[in-house]
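Student: Here's the letter readout for the chains.
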Amino acid sequence: MDIMKGEVICIIGPSGSGKSTLIRCINALNDVQQGTITLEGYDVHDPKLDKLELRRKVGMVFQQYNLFPHKTALENVMMAPLKVLKEPKAEVEVRARALIKKVRLEGKENAYPGELSGGQQQRVAIARSLAMNPNVMLFDEVTAALDPETVKEVLLTIKELATDGMTCILVTHEMGFAREVADHIYFTDKGVIVEHGAPDTFFDNASDPRTKKFLGQIL
Amino acid sequence: MTHSSTAPTDLPVMLPATYRGPDALGYCRWLAAMPVWALPVMAGLVLIWPTLVHAQTVYSTEKIMGIMAKWLPLLITKGFSMNVVISFFTMLLGTIAGLLLGVGRVSDNRYIRGFSWLVVQLFRNSPWLVLLFIVMLTLPFEIRVAGTYFSVPDWMKAVFGLSLPIMANIAEIVRGAIQSVPSAQWEAAESLAFTRRQILWQIILPQCFKRMIPPWMNWYAIMTMATPLVSLLGVTELVTLSRQAMEAEGNNPSLLVPFYGFALIIFFAYCYPIARLTMRLEKKFAVKG
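First to last, the sequence lines map onto chains A and B.
For the first sequence, the positions run 20 to 238 when this note's numbering is used.
For the second sequence, the positions run 32 to 320 when this note's numbering is used.
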C-alpha cells in the first residue's frame with residue numbers, strides 16, 4: 020500500500036479487521052509486529068525510532084475526540100504547539116484562532132469541551148491536530164460516535180482539508196463520504212488488505228466475494 | 032446521576048452495580064454526619080461535670096472553673112496552636128513527598144515503580160506511633176549544614192514521623208487519581224508528540240487535581256486528630272500541656288474530665304468544619320466530574 024502526498028485514502032472493512040490498528044501503527048501508538056511502514060523517510064517499524072519526532076508530522080483524530088477537558092477549545096488547540104514545538108505564544112494564538120475559524124467554530128474559543136456538542140468537539144480535535152502542521156492526518160472512525168445531524172459538519176471539515184491537499188488516511192464507515200472524497204479505497208478483513216481500487220471501480224465492480232458480501236450488508 | 036429508574040423491587044440484583052470498596056472519605060463522612068449540636072452538647076457535659084463531682088471532692092465547681100480559666104489561654108496559644116502547626120507542616124511535607132511517590136507508582140521505569148510500591152506498602156499501614164518513635168529516636172537533635180549546626184526541634188521531628196504515613200496514603204490518592212483518567216487522554220496527548228512527563232504534569236494531573244482534594248482533606252483531618260500522639264514523645268502540644276497543667280494544680284482527679292474534655296472539644300471544633308467542607312466538595316466535584 021503506497022500513499023502519495025496529497026492523496027486521500029479510506030480504509031473500510033468489518034469490525035475487528037485491523038483498520039484502526041493499521042492507522043494507529045502509522046503514528047506508533049501501536050507497535051508494528053511485522054512488516055514495514057515508511058513515512059517520509061522514517062522507518063516507523065524500527066523500535067529505535069524517535070516516536071516524538073514522527074508524531075510531530077502525523078496528526079491523529081480519534082473516535083471519542085479525547086479533548087483535554089480542563090482546557091478551553093482555544094487552549095486545546097494551542098497546547099501542543101506551545102509545549103511541544105515551543106513556539107511563541109502570540110504566534111500560536113493567531114494560528115489557533117485561524118484554525119478554529121477554519122473548522123467553523125468561531126465564537127466557541129473559550130468554551131470547554133463539556134459545553135460543546137460531539138460534532139463541535141470533534142472539529143476542535145481536528146483543529147488541535149492541524150495546529151502541529153502535520154504532513155499526514157489520520158482519522159480513526161471520527162464520526163462513529165456522533166449524532167447523525169452533526170456527522171455532516173465534521174465530514175465537511177475533512178472534505179475541505181482534503182481539497183486543500185492534506186494527505187489523509189481515514190478509517191470510516193461512511194461509504195458515501197468515502198466514495199466522494201477518497202482517491203483510493205482499501206478493504207481489509209482479518210488483518211489483510213483484501214481489495215483496493217479507485218472508489219467507483221471499488222464500489223461498483225468489487226471482485227472479491229468478501230468485499231461483495233461486506234458492501235452488500237452495508238449499502 | 033444517569034441511572035434514575037425507580038426499581039419496582041428492592042432485590043439486590045435489581046440495584047445498579049456499584050463499587051463498594053474502601054471508602055476514601057470514611058473519616059470525614061463519619062465526622063460530617065454528626066449533627067451541629069454535638070459540639071454544644073459536648074461542651075455542656077464538660078461544664079456540668081464539675082458540678083456533678085462537687086459532692087465527692089474537695090474541689091468546688093468554682094475552683095475547677097477558676098483553674099480552667101487560668102490555663103485555657105495557654106492551652107490554646109502554646110498547646111493547640113502547636114497541634115495545628117505540626118499538622119500543617121506534616122501535610123505540606125507529606126503532600127510533596129506523596130505526590131512524587133504517587134507519580135513514581137505509575138512510572139514507566141520498573142525500578143522506580145518497584146521502589147515507590149515498596150515505600151508505600153511500608154508506611155501506609157504501619158502503626159503511626161512506631162514510626163514516630165523510630166524517627167524521634169534516630170534523628171539527630173542537630174543537623175550540620177555547611178559548617179553550621181542547626182538544631183532540629185522536637186516538633187519538627189514529629190512532623191517527619193507523622194508525614195511518613197501521610198506521604199504513603201497521599202501517594203495512593205495520587206496514583207488512584209492518575210489511573211482514573213481515561214487512557215484515551217494519554218493517547219491523544221501522545222499523538223500530539225507530548226513526552227510522558229509533559230502528559231503527566233500538564234494534562235493528566237491538572238485533570239485529576241480536583242478529584243484528589245476531598246480524600247486529601249480526609250487525611251488531613253485524620254492526621255490532625257492523631258497529633259496528640261506526639262505528646263508521648265514529650266513534644267509540647269495540647270495534651271502535653273494539659274498534663275503539665277494538671278500536675279501543677281495538684282493532680283486532682285476531678286480535673287481530668289474538664290481538661291481532656293476541653294481537648295476533645297477543641298479537636299472536634301477544628302475538624303468538624305473540615306469534614307463538612309470535604310463532603311460538600313465531594314458532592315460538588317462529583318457532579319462536574
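Be aware that a few hints might be false.
[Unchecked claim] From the derived model, a few chain B residues whose C-beta atoms are all more than 12 Å from chain A:
#1 Val115
#2 Val212
#3 Ile235
#4 Ile244
#5 Met256
[What the hints assert, rightly or not] List of simulated lysine to aspartate or glutamate pairs, EDC-like, C-alpha gap at most 16 Å:
#6 A/Lys102 to B/Glu280
#7 A/Lys70 to B/Glu218
#8 A/Lys76 to B/Glu221
Hints are computed from structural coordinates only; laboratory data are not their basis.
Cβ coordinates follow ideal geometry from the N, Cα and C atoms, glycine included.
Student: Against this structure, judge whether each hint is valid.
Tutor: To see whether the hints hold, each was checked on the structure:
At roughly 32 Å, the least C-beta separation between B/Val115 and chain A is larger than 12 Å, which holds for a residue marked as non-interface. The beta carbon of B/Val212 is not kept farther than 12 Å from every beta carbon of chain A, the shortest such distance being approximately 9 Å. Distance check on B/Ile235: its Cβ comes as close as 10 Å (rounded) to a Cβ of chain A, failing to clear the 12 Å threshold; non-interface status is violated. For B/Ile244, the condition that its CB be more than 12 Å from all CB atoms of chain A holds, with the nearest at approximately 14 Å.
No Cβ of chain A approaches the Cβ of B/Met256 within 12 Å, the least distance being about 33 Å, so the stated non-interface status holds. In summary, the hint linking A/Lys102 to B/Glu280 is not supported, as the alpha carbons are separated by about 66 Å, beyond the 16 Å threshold. About 13 Å separates the Cα atoms of A/Lys70 and B/Glu218, which keeps this hinted pair within 16 Å; it holds. Restraint check for A/Lys76 and B/Glu221: the C-alpha separation of about 13 Å stays at or below 16 Å, so the hint holds.
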